[in-house]
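> Residues per chain, in single letters:
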Amino acid sequence: MAKAKSGPLARRPDNSAFKQQRLPAWSPMLTANTVLPFFYFMAVICLLLGIWLLLTVQSVQEIRMDYTDSGACAHCHDLRKNVSNAALICTCKLYFHVDRPLKGDVFFYYGLQNFHQNLRRYMDSRDDAQMVGRKTNLKKPSSYCKPFATNDKGLPIAPCGAVANSIFNDSFKFQYLGSGSSDEPVPLWRKGISWYTDKNIKYRNPQMDNLSLAEVFHGTAPPPYWHRPVYELQTHDAINNGFINEDLIVWMREAAFPNFKKLYGILQRTNKPFESGLPKGNYSVEITYNFPVQYFRGRKQVVLTTLNWFGGPNKFLPIAYLITSCLVLLAAIGLTVVCKE
Amino acid sequence: VTELIRDARHSMWKHVCGFSHCVRAQQPANGKKGSLLRIRRRESSSMAWWNPLALIRDALTGQRVRENDLRHLVSNLPYEGLGKKKQPNRYLPGNAIKTTKYTLLLFLPLNLFEQFHRLANIYFVGLAILNFVPVVNAFEPEVALIPICVILSLTALKDAWEDFRRYQLDKKLNSMPCFIYSRKDKQFGERRWKDVQVGDFVKVLSNEIVPADLLLLHTSDRKGMCHIETSNLDGETNLKERKVVPGICEPNFEPESFNSVVVCERPNNNLNHFKCYVEKPNTEKVGAGIESLLLRGCTVRNTDHAIGFVVYAGHETKSMLNNNGPRYKRSKLERKLNVDVIFCVILLLAMCLVGALGHFFWRQALPGVPPYLVPDSNGHVVSPSLSSFYMFFSMIILLQVLIPISLYVSIELVKIGQIFFITHDIDLYDEETDSRIQCKALNITEDLGQIEYIFSDKTGTLTENKMVFRRCSVMGTEYPHKENGKSYKRITEEGRPTDSLPGNHVNSANSLSHIAVSNFSKVIDRTNSSAQETEVIPDRKLLRRVSVAESTSISSQKMDPHFDFFLALAICNTVVVSMGTAQRRRVSVLFTVIKAGSLRNIFAPKRDRTFSDTSFKEDDRFNPFPQVDDSGVFPSHSQRDESSGLCYEAESPDEAALVYAAKAYGFILLSRTPDSVTVRMPSGRVLVFEVLDILTFDSNRKRMSVLVRHPITKECVLYTKGADYSIMELLGAPGNQKNVVADTQYHLDCYAKEGLRTLCFTKKVHGEEYEQKRACFVAKAAIDGREQLIMDTAVQLETKLTLLGATGIEDRLQESVPDTILTLREAGIKVWVLTGDKPETAVNIGYACRLLEDEDLVINMSCKNKVRSHLTSNISLVIDGRTLAMLLSKDLQGRFVELAKRCRSVLCCRVTPLQKSGVVKLIREKLRVMTLAVGDGANDVNMIQAADIGIGISGQEGMQAVMASDFAISRFKHLKKLLLVHGHWCYTRLANMIIYFFYKNLANVNLLFWYQFYCGFTATTMLDYWLLIFFNLFYTSAPPIMFGIMDKDVSAEVLLGVPELYRTGQGAGEYSFCTFWVSMLDAFYQSLICFFIPYLVYQDLDVDVFTFGMPLNAVSLITILLHLSIEIKAWTVVHWIIMLGSFAVSLILTLLYTSCVTCNSYWTLQNQLTDPIFYLICIITTVVALLPRYTFHVMRNSINPSPIVQGRHLDRLDTSTKEAWIKEWRGYRGGGEVKRSKLSTPPSPSTPRTPTSPDFLGNEITLNCLNWGCPNPFDRIRTF
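Residue numbers (the working numbering), protein chains in the order written: chain A, 1 to 341; chain B, 342 to 1621.
In short, the hints are calculated from the structure, not lab data.
Any given hint could be a false lead.
[Said to hold, decoys possible] No farther apart than 30 Å at their CA atoms in a straight line, the calculated lysine-lysine pairs in the DSSO-like style are these: (1) Lys19(A) to Lys1564(B); (2) Lys19(A) to Lys544(B); (3) Lys280(A) to Lys315(A); (4) Lys340(A) to Lys673(B); (5) Lys527(B) to Lys544(B); (6) Lys19(A) to Lys781(B).
Okay, chain A solo, but in the shape it has when bound:
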């Protein structure tokens, strides 16, 4: 009868559960009795997770070393205060001691403080299309790169923009001043420090067409702060050049906070004595001091850490879990007390 859409009851609405708003529904009541088990369950889960995380994080080690103006680097720091000395090379050497051996993979980072890679205009000042190897963009960078899109002579800058221009250009050489007299250089993997997808997809050199990298980049200028063109970033590894230079890639992934660290290298564990990580002992690091930080009261650091399954030496997460567990438990107890009365 209701289906027949003619006759005297033609406009009669369908008597369906949906249209009459009578769909079967589950209506949970949020009362103490129903949710208390859930509260206790959550408290226990958080507690267990917290304890587990706390235990894991204990095994992680970290060594941080500020070299901005400490020790031998002080003179380099002073030198960099003057812009006219930018071309002068300054190196300094720092020493540090490892009390406990760093077991497993050891990651070498450089750290910067007060460097805002996350400023809006700074972040926008890049051309991803250029970095992905599109030739049109190579010669004609996006307007976002301005004023680092073209140099004074009107040549397009590759890689364009403020991000690439301000690349961190200190370099480090670590040495193990081992038990014996021989100073052993600490071998680092300088490749494989960026994301696989970045290295292989997001950043590509322009199509080579049997040309050399220098020829491909012919007609472009390096960013104004750079001393070397983009195809000569790494002298000892020809493949690690151009837009796929891993230091460049790491730098181009803009850090979230003004105090950040970026991966510099990973310990090569092929030869002794680094097979199981960094052994105990004294180390030195020779720094080519290029990056000026006095414009922003910045600090520069070298950081060595080991990692666990959930990332670095992160004490916050386990503590947060433990506190949360306590909070949930408190709430649950409060509910129990209040509602049972």
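Starting from the known structure of chain A, fit chain B onto it as the hints suggest.
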């Protein structure tokens, strides 16, 4: 009149001066002051259309003519065929009406202008423009334009469609046919309404609608009378008499010979007042008033034709002036919302200011120009102050989501969804008329849930406007007419659900089955559109008694009182008999028109032949002992249509009901002429009574009398009927009557308690003494002091009456009206009834529909008596129109509102349409409450438009109320579910949705804000801009909309069973200042948690901006969705699909987007999904963020559950327990069912009780009379 004329002369003088000035200026040589007409003509003839000065002058003159206090109108006929410039009445508007807002050309600018009245629209357009300013570095400014453009164009489309509908309606009205006299054709020619001009002569035929305000000059009636029905204007369906202007009416009226000037006042909106005079060529002046004016929109009845002179046309007619334009309605919630939006704007500006200042100080603290500070394209670094100034605007763009355009879109969508469900509710569907509820206003659904005052029309809204003869008491014996009652009861009872819980499957099935049973009554209802219910089923006992009485009275020549009683019913009235069955039809959609030719003319000359014709038929039909079968179906129904050739048209529907009742007993009123009444007896004998005098009803005497000469006994008999108190004090000769009086009084009280309208019937034989008095009645013809004379004769005649009996007439209430009113009142809604009816009728209905209760303290306010009140719990107020007019005056308003506030219900009688809207406006504005007006007639249009919600009942009285309304329902009872269920749902849903929306946006935007502290306040987003757009557009848009449309906090059964739950929405409701800020605080808290937990986790790790943004995005999404699922009260399949669906969509879309190589956030989500930290963050952040709200909800629900929560608990019980609980709870509260059943069983006649029984006395005393001033007979009806 003399004063008027003096006025007129004065202003005419001014007028002439004004004109002569013009004339002098134009033609200096011609200084002669002629008659007004001549000057005008000359002036117009010398006016050149190409002369701009003349045009301006012409416009000014027109303005002056229109603004003048007095208007001088002459016939257009002498000027027929002349150019426009020559027409004497050219300055006055024509009859074409235009209610549209826009024209085709100006639509776009006007509509945009209109839309920019909405603050939000300006804001959004401003934002969109801001996006294009380069220094704010907006992302894709074009994208920002899309939403606002969509919104503006959708609204424009809606407006255009509405305006188009108005245009079509105007066109329809303007092209209705009418007859205008044309000099060329020497006759009335058919033209259209819009062709009518002031100064035209218009002929209106019977049952046609008057096209403009006409001064009545001629009618087909030889006495110059014309009957009109004004139901379109004031809702009264009875006929009103209008007279032609005296002295103009010649036997053969010739429009061409009309050469007088009609001087009338400036148009005003008073329907009951009109002043004008007609100045004849011989300067004789004849005054005329409202009694000679046919108003536009009225229907001419009982008059073959009427000719009138158009005095006002088009928008100047009284009905159009009474018709205020529609008000743009904005829901209360939306008004509150706008306030909160302003809070949000302030918040936004504060946040932007913080951003700008922060940026400034951050820049100031920098020792030099670091490499990350990008210079502008010229290589200059912008100074900190300028940069922070720019940053302020960048921040606005960044945080603009705080005032979400999506909120406005979502609200519109939610309302559309809500309206979908309302219109598809099967309980709001009326099978009889096959109509659903119509929602005409799309934006005020949630107001239905906040109503505090209902203003209802009476006739056609509460009642069906059908008077039914229900009971009578003859000579102290009660004849309950059980079948009569039953036939009505059956219809109402069966429509009512057995379990008192409408909305069940049972109910709908039940009402369906009932269609078949009561089909016959519906057929009748449809075919017979007359207001009176004609069917009366005679009481068997009384029928037998009458037939006995007749035989004895014939044999003994002595009148039996029963016989007299029915004669009185048939004779003592002013009912006009007409014949008209086949012609009854509806002629237009807009107005219901009853075609009924007057039979008077036919009857008078050839009475006998007609009698024999009809009597043959009637005999065939009428059976002294009708067989009533078990089903209660009266067998003669089928014959009814052909046999009811007679049609009674009465000034008041009760009179007709009485005549029909008499007819049912065989006393058939056959015809009435001014000096005779013809009645056919049950035996078939036809008696012609000579009418000696009619003392018409007036409100002082409260009775009417007819003096006739009995054809058999040749006595002069006075039959009087009237209100019981006015009759009882005139009864003479106690003795035998004493018991009869006592019993009748008791019955009358019972009738009154049942809500019946009571009337007493008496008789008095005058015999010889009448002849002596006759001389003085003749004097009645004199005009002067006529009313006094009637009063005097009445005083002389109406004494020492003999009581015959009493009747109880039911103004049949619509189905389940008392139940609905009771429920609405339990829901905390105050119900006011505003009616154009008499106070008596209104009070009776008030009791019948349980608006007034027996134990109430009823205060009658009228101009005549003073009121002293003290406070009791239940006060009801009855006010009449004149008093109301005084109360609405500025100085009394406050006190009236103060009093009305304390009253549980208020009844206003004799109210004009404008007063109705005045009352509504007063209450709405003074008390700041939500008002709802419900009505069905054109007279309710103002009220409907003035109230926050106007509801039209699509019923008998045309469609104007429906056209003006926001919602159109077909039954009053639908109001119950509409308000209690849909209103509550719509309100809670939308309120919660809006609060949630504010929360959602703040929680989301604050994440961006907190990040500003780590990026030097440079308006950086840690999420890709497109992902941010997606977040609002795809991820979190559907769930709140679904929540706003589908969430169901309490089931319909419980809402209807426990009307008190409705109160939660009244006043502040769920969407209050408090709830808003609590949720804003919660949003702050949650955003803090959602930002800082990930921040603290990631601060020591090598994380890039977009990798950091991903977990924030995820956490924010999960929190927001879970927050909503805490709020969702009932999870249906749709809920699950949409909630899980939007989560899935967000995951898939983000994954797709992060696969875009040149995008900032390339592969970030994929990377994160492989990182355990991501999951750890998601878990802990969600838990911490939602813990307070969840705990709070649990606490509140378990410690101090709100009524709604209790209702939800009730909902969880199984059906039978739930019903038992509701029933028990209703009983505890004292619901009406018990009491009503007690009343409806009539007291057994075998145990008569005197009115002085302690019961009654007790009642009278305890329910103290409050009237202290001069005694007002009306008070006695119901002043306990």
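> Sort out whether lysine 544(B) lies within 30 Å of lysine 527(B), counting only the CA atoms.
Roughly 13 Å between the alpha carbons, so the hint for lysine 527(B) and lysine 544(B) holds.
> Can you confirm whether the C-alpha distance between lysine 340(A) and lysine 673(B) stays at or below 30 Å?
Violated, because 41 Å separates the two Cα atoms, which is more than 30 Å.
> With the threshold set at 30 Å, check whether the alpha-carbon distance from lysine 280(A) to lysine 315(A) stays at or below it.
Holds - the C-alpha atoms of lysine 315(A) and lysine 280(A) are around 24 Å apart, at most 30 Å.
> Just to be careful, I want the Cα atoms of lysine 19(A) and lysine 544(B) compared with a cutoff of 30 Å; is the pair within it?
violated, 52 Å
> Does lysine 19(A) pair with lysine 781(B) here, judged by a C-alpha cut-off of 30 Å?
At roughly 19 Å apart (the allowed maximum being 30 Å), lysine 781(B) and lysine 19(A) satisfy the hint.
> Take a quick look at whether lysine 19(A) and lysine 1564(B) sit within 30 Å of each other, Cα to Cα.
It holds: about 28 Å lies between the C-alpha atoms, which stays within 30 Å.
Violated hints, listed in ascending order, are 2 and 4; each of the other numbered hints is respected by the structure.
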